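For this one, chain H is given, so just place chain B on it according to the hints.
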Amino acid sequence: MSFDLSPAVSFDLARGSVSAMGSERTVLVPVDALFDLISAVDSEVAESVAKGIGQAMGERLARELGGVEGVRKAALDAVINAIALEFSVAGLGAFGIERWGRAMVLVVEHAPRLGGAFLVKVLEGTLEAATQTRVSCTLLAADPVQRILVASHSAIERVRGFIGEGVPWADALSRLQAKVGA
Amino acid sequence: MTAKDDRIGRLEALLERIRQRSAEPRAAAELAPMEDVNGVAAGEVAAHWSAEDTETHVPVAYQLEELTAFGAPLAEPSLSSGHESSWTGDPPPSAEPSDNEQEEHDSFQASMLDEYEVSDDVVEINVDTDDDSVRTSVHAPMFEPASPASPASSASPDSTASFEVPRVEGLLLDEASRHEAPPPVEAFPPVEGPSYDATVHADDVPTVSGARLAGASDVGISDGEEMLVAESELVQDEAREERQEQQEEEEEDRGDYVTVDVDEVEESDEPLAASDEPPASSRRPIAVLEMMSPEDELSSPLADLPSPLPDAPVERPSSEEEPPPFTPPPASGRQIAAEYTFDAAPPTLHPVAPLEPQGIEEPLELDAPRQIWKATSPPPQVEPESFGSWLDATLSL
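Protein chains in written order, with numbering that gives the first Met the number 0: chain H, 0 to 181; chain B, 0 to 396.
In short, the hints are calculated from the structure, not lab data. Watch out, some of these pointers could steer you wrong.
What the hints assert, rightly or not - SDA-like mimics (lysine to any residue), calculated; alpha carbons at most 20 Å apart, straight line:
#	chain 1	residue 1	chain 2	residue 2
1	H	K72	H	P111
2	H	K72	B	S395
3	H	K72	B	S388
4	H	K72	B	G8
5	H	K72	H	E43
Just so we're clear, the structure is a prediction, and the values are computed from it rather than from any experiment.
Chain H with its partners taken away, still in its complex shape:
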């Protein structure tokens, strides 16, 4: 799968505007400033900002892949590449996906220091906007790469329970699927 990055970001120096992926104007904000902002506000507000960023990406992705149905019908690698492009343009890191059994684990490398919860909410907003499906994500691990599990809301709660108990994130995924498989 290939992407044409030529229209990814446009800098209109005369007008002093930047547009990403043909969308409306985009503001380049320093990571530290954004981190201070999301740290200073309430978690709900921060999650709302993150979801707003994700939703913009999901909407562009859906437009790129032919809408919600196009995204669902699209091959996995195509959707993954499209999400990876959005993340790269937004400066949120290198995006990847892992499949653990049936569990889908999103991997983000070189992510900025905005906190795992922020990236989780960005991904939720991207997937929900691209597929028009309610999804839940939780952070499995943050070092060296951030792994984010995509599952139902109930499954995420159980995994959080496992991890809260000290179960490694991989064992938590096994226990989650064993139950399903058992």
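Structure of chain B alone, referenced to chain H:
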């Protein structure tokens, strides 16, 4: 008749005239003022004359050394010793000499002739008259063609031809002496002519070894005669020292200009012109090299070399011609845009990082989604074919 006999004859005629004059009566009153004017003591009157030994004429010069014996007591015959060189005041009245006087004259002449002292070079006549207390001394040096006395050293009284006659008021030269006044004699003839003996010393002429003096007749050497200057080391040393000193002085004046090997100059054998200037052969190298003027330098072979400087002086532009100082244009965005084509369509930048920052023109191909399987993890039962199936499978957990 020889020249000497001729001179003796002339002297005899002169003495005759002197005696005739001394016999003339003179009034004491005419002589009285002279004493008052001169105020000299009574003495003798001496006249010296000298003559050249020439065939054409005998210039006679008189010199009055003393003028005395003029006064009232010296009455009429005493001051009658006026001769050509003497001073007699007004011309005496003409009178025929008496017999006594004629006798005295004859005796006097005879005595004078007896007293002639004729030698090779001097004719001396002494006139002593006891009666009138006048003694006339005539000294005539005879110049021989090769007289050893040089004009420069002819300060002796005999060779002194110029004389001064003391101005004596009241005394006038008689007409005879006035008419017969000798022409002025050049006591010191110019240093030229065959009779002038000029000694040429080799020390005076800076010479070169083996050089030949040309034109030696100009300095007293007979015409056509060539003279070879003896090769003397002393002469060479002195000439070398003079040239070195002169060269050092010129170098000091002009700075370190050219170093000339004096020894090479001395090796020249060119003839030297006898003049006051140093030999040309000794001056030529120094003159050529050191006396070189800026014009000569331009015409020298060195002038052919390219000069780093322009031939014409660089004329600095006057203050009026100087360009105005640079004033940067106002830093307006419009001008910057025009200059850097910001007014045109702005370039669209396409970030390629962080995927492949090294100028990727081909569409970026991302890695396929990874599927990590663990041994403990259950194998997937159904391989989803689309993203939707994958999403549904994970949401089924």
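Mind listing which of the numbered hints don't hold for this structure, in increasing order?
1, 4, 5
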